[in-house]
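Here is what each chain is made of, one letter per residue.
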Amino acid sequence: GAVVSQHPSRVICKSGTSVKIECRSLDFQATTMFWYRQFPKQSLMLMATSNEGSKATYEQGVEKDKFLINHASLTLSTLTVTSAHPEDSSFYICSARDVSAEAFFGQGTRLTVV
Amino acid sequence: KQEVTQIPAALSVPEGENLVLNCSFTDSAIYNLQWFRQDPGKGLTSLLLIQSSQREQTSGRLNASLDKSSGRSTLYIAASQPGDSATYLCAVASDSWGKLQFGAGTQVVVTP
Numbered sequence: 001g002a003v004v005s006q007h008p009s010r011v012i013c014k015s016g017t018s019v020k021i022e023c024r025s026l027d028f029q030a031t032t033m034f035w036y037r038q039f040p041k042q043s044l045m046l047m048a049t050s051n052e053g054s055k056a057t058y059e060q061g062v063e064k065d066k067f068l069i070n071h072a073s074l075t076l077s078t079l080t081v082t083s084a085h086p087e088d089s090s091f092y093i094c095s096a097r098d099v100s101a102e103a104f105f106g107q108g109t110r111l112t113v114v
Numbered sequence: 001k002q003e004v005t006q007i008p009a010a011l012s013v014p015e016g017e018n019l020v021l022n023c024s025f026t027d028s029a030i031y032n033l034q035w036f037r038q039d040p041g042k043g044l045t046s047l048l049l050i051q052s053s054q055r056e057q058t059s060g061r062l063n064a065s066l067d068k069s070s071g072r073s074t075l076y077i078a079a080s081q082p083g084d085s086a087t088y089l090c091a092v093a094s095d096s097w098g099k100l101q102f103g104a105g106t107q108v109v110v111t112p
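Sequence lines, in order, name chains A and B. If you count by my numbering, then the first sequence holds residues 1 to 114, one letter each, in order. If you count by my numbering, then the second sequence holds residues 1 to 112, one letter each, in order.
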């Protein structure tokens, strides 16, 4: 199947700093990518839809100024957590869809804010 | 709003037994349904994708069925192995854009 690569897999940052997470589709082009958040023992919750060359679409309750999404090319979307706080600590994971409409996910990023 | 439910939440079976995982959804107007596996602290691995026009999909020991009218999908794993221990998630797409609505998952433990 298609490959989606996410980096970094794990990051620890201090409160008030910003963290950037990258999501790349390695062997296919993705005009749309998705960012999810997963709390311990819970399922994935969609945060936003990342659209190549245009603004992201955020789900209700997700702060667009805190979670900045940029989709500058057909193979790369980035999520920047700005002014991170301990409550932003979570598992963030991206996905992209190939031409068959099958969704493929990155490896996820464990963010810990101290 | 689409809601996806997975039953049971957890399942423990001895090696060799068949696994049956259930997924139900409230809105039958789906585009496709996908089953994933997630290992602790890891991303999701796609297992099977069933398009809305299909009734089932098979891959090796895995078989997934889809009954849109009743809002149900079942994942069967034959002859379970300890390596099958993981959390299994089903997700529904309501359109072709790929936005998924996930169930809470079924945590499976296969004991040797």
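Simulated from the structure, these hints should not be mistaken for laboratory data. Don't take each hint at face value.
As the list claims (entries may be wrong) - Distance condition first, Cα-Cα at most 16 Å in a straight line; then the derived EDC-like pairs of lysine to aspartate or glutamate: (1) A:Lys14 to A:Asp98; (2) B:Lys99 to A:Glu59; (3) B:Lys68 to B:Glu3; (4) A:Lys41 to B:Asp39; (5) B:Lys99 to A:Asp98.
Handout entry: Violated hints, by number in ascending order, as checked against the structure
Key = Structure breaks hint 1 only.
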